[in-house]
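> For reference, the chains in residue letters:
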Amino acid sequence: MKSHHITGILWIIMVAVICYVTARSFLSMHQTEALHPSHFLTTQNTLSAYFSGLKDSPGDTDVFVFESQNPGGTLLILGGTHPNEPAGYITAILLVENLGISQGKVIIIPRSNNSGFTHSDPQEGNPQRFAIEIPGGERAFRYGSRLTNPIHQWPDPVLYVNPSGQRLSGTESRNLNRCYPGRERGFLTEKIAYGIMALIKKEKVDLAVDLHEAAPEYPVINAIVFHENSAELAALASMKLQTQDIEIRLEASPPNLRGLSHREWGDSAQVKAILLETANASHGRLKGRPTPSLILDGKDKNYVKAAKLGRLFVPFDEKGIPLRQRVSRHLAALKALVASLEELHPELCIKLENIPSAAELQKAGIGTFLKGQK
Amino acid sequence: MQIIYHIIVFYLTVHFIWYMFKEKKFWNQLSAAIVLIMLLLRLLLIK
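These protein sequence lines are chains G and D, in that order.
Sequential numbering of the first sequence, starting at 7, is according to the numbering used here.
Sequential numbering of the second sequence, starting at 50, is according to the numbering used here.
Honestly, the hints are just simulated from the structure, not real lab data.
Note that the structure is a prediction, hence the values are computed from the model and not measured.
Glycine is no exception: its CB is placed at the ideal position from the N, C-alpha and C atoms.
Treat the hints with caution; some may be incorrect.
Claimed, not checked - Cut-off 30 Å, straight-line C-alpha distance, at most; resulting in silico cross-link-like pairs (DSSO-like, lysine-lysine):
| # | chain 1 | residue 1 | chain 2 | residue 2 |
| --- | --- | --- | --- | --- |
| 1 | G | Lys357 | G | Lys207 |
| 2 | G | Lys246 | G | Lys325 |
| 3 | G | Lys357 | G | Lys341 |
| 4 | G | Lys8 | D | Lys74 |
| 5 | D | Lys74 | G | Lys61 |
| 6 | G | Lys246 | G | Lys210 |
| 7 | G | Lys8 | D | Lys96 |
| 8 | G | Lys311 | G | Lys369 |
| 9 | G | Lys210 | D | Lys96 |
| 10 | G | Lys341 | G | Lys305 |
| 11 | G | Lys377 | G | Lys61 |
| 12 | G | Lys325 | G | Lys311 |
What the hints assert, rightly or not - According to the in silico footprint, chain D covers these stretches of chain G (three or more CB under 8 Å from chain D):
| # | stretch |
| --- | --- |
| 13 | 18 to 27 |
| 14 | 147 to 160 |
Said to hold, decoys possible - With the C-beta cut set under 7 Å, the calculated list includes, among others, these residues of chain D facing chain G:
| # | residue |
| --- | --- |
| 15 | Phe70 |
| 16 | Ala82 |
| 17 | Val84 |
| 18 | Ile95 |
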């Protein structure tokens, strides 16, 4: 055997070892975190129960239903539409694990784009996970991608014409919040959107809220984005938040921006449609090194500098915008929306219980309200 | 579509392995090995 054949064999062994280690790391992202619903949970379902086209697909996801004996309105909460926006899905998970209900019905989907949780955005250097300290240990959560995993949906079209007729770049075919109202026989992401629409119609949802985050340099930030059928509701909720010293801006859903939850839920299902945004430094283009602490603490010196230069749409100082603050903002906005819904439509009253206040979250941290241990 | 993708990646993988054993220069072999890592992960649809 010649010497270059021996080195060739050695390289093959090295390739096999690196592939094994790398593959294990990539495949660990496909393991779903266990959730521990509160004892008020009525039913745990999957999205495929509403649209069978998702059965046994990577787009199927858990649906948690909390229903009271007392009739009232129905609220749908979506987290994880974009799995790289942790305040959205951590808020949803916190609700699943704590929520009590004494009137009406609440449906929560914490990982709306389940496929997006199975991979990270290429070339971003994002951590795969971040850990939240809980009593007696810590609990890890995946930090996924904005888009569906290309392993599950491939190839991207050059130009994507979404179900509402809007022309977008090809990668947006994997963005759940561009695919509404979905297609029964479309791409996987369109099927997820179709399943969520089927749920909204079947459960006769009155108010649907999509939880998001955005970069501090993005203009639609710390905002309630509302469909025109929810303008009064959003305005009332905004006033309630301002009385709690929570500044939130109102953004009307542009009628010509198609395929988004706050547009198509309202148009296709006549549901009151709201999207909430908080400011996440780990999501932005100006951020420094993306680390789990950037996700949790939200501190970044680049953003401090950008704020001093007046380049941001939110205040940003050395204290940063930590996850607990972003989650408490989402929770406060949800409570304000539900209270406003009751004021405007008393027959749609939803009584939520056991939701931590902003002050409790600030003081005790998110982990105090999360169960289990990893 | 997935079968076509697999065929293309498999074809390239075999060629890279063949090239690696045929090539006598150490650094050229290493270059082929590095590319092979990505091809194998793609072949196994691991992301």
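> Hints first: check each against the structure and report whether it holds.
Quick rundown of the hints versus the structure:
1. Restraint check for G/Lys357 and G/Lys207: the C-alpha separation of about 22 Å stays at or below 30 Å, so the hint holds.
2. At roughly 26 Å between alpha-carbon atoms, G/Lys246 and G/Lys325 fall within 30 Å of each other, so this suggested pair holds.
3. Restraint check: the Cα-Cα separation between G/Lys357 and G/Lys341 comes to about 10 Å, which is no more than 30 Å; the hinted pair holds.
4. Distance check on the hinted pair: G/Lys8 and D/Lys74 sit about 12 Å apart at the alpha-carbon level, within 30 Å; holds.
5. For the suggested pair D/Lys74 and G/Lys61, the alpha carbons sit about 51 Å apart, so the restraint of at most 30 Å is broken.
6. Taking the CA atoms of G/Lys246 and G/Lys210, the gap is near 26 Å; set against the 30 Å cutoff, the hint holds.
7. Among the hinted pairs, G/Lys8 with D/Lys96 is inconsistent with the structure: their alpha-carbon atoms are about 36 Å apart, more than 30 Å.
8. Distance hint between G/Lys311 and G/Lys369 is fulfilled; the C-alpha atoms sit about 28 Å from each other, no more than 30 Å.
9. For the proposed pair G/Lys210 and D/Lys96, the alpha carbon gap of about 38 Å is over 30 Å, so the pair is violated.
10. A hinted pair counts as satisfied when its Cα atoms are at most 30 Å apart, and G/Lys341 with G/Lys305 qualifies at roughly 27 Å.
11. Only pairs whose Cα atoms come within 30 Å are accepted, and G/Lys377 paired with G/Lys61 is accepted, the gap being roughly 29 Å.
12. At roughly 13 Å between alpha-carbon atoms, G/Lys325 and G/Lys311 fall within 30 Å of each other, so this suggested pair holds.
13. A count of 5 residues in the stretch 18 to 27 of chain G with a Cβ less than 8 Å from any Cβ of chain D is obtained; the coverage claim is therefore met, three being the minimum.
14. Under a criterion of three residues with beta carbons nearer than 8 Å to beta carbons of chain D, the stated coverage of the stretch 147 to 160 of chain G is upheld, 4 such residues being counted.
15. At its closest, the beta carbon of D/Phe70 sits 4 Å from a beta carbon of chain G; the interface hint therefore holds under the 7 Å criterion.
16. Of the supplied interface hints, the one on D/Ala82 holds, with its beta-carbon coming within about 4 Å of a beta-carbon of chain G, less than 7 Å.
17. Evaluation of the D/Val84 hint against chain G yields a violated restraint, the C-beta minimum of about 10 Å exceeding 7 Å.
18. For D/Ile95, the interface hint holds, the least distance from its beta-carbon to any beta-carbon of chain G being 5 Å, beneath 7 Å.
In terms of the numbered hints stated before, the structure departs from hints 5, 7, 9 and 17, listed from lowest to highest.
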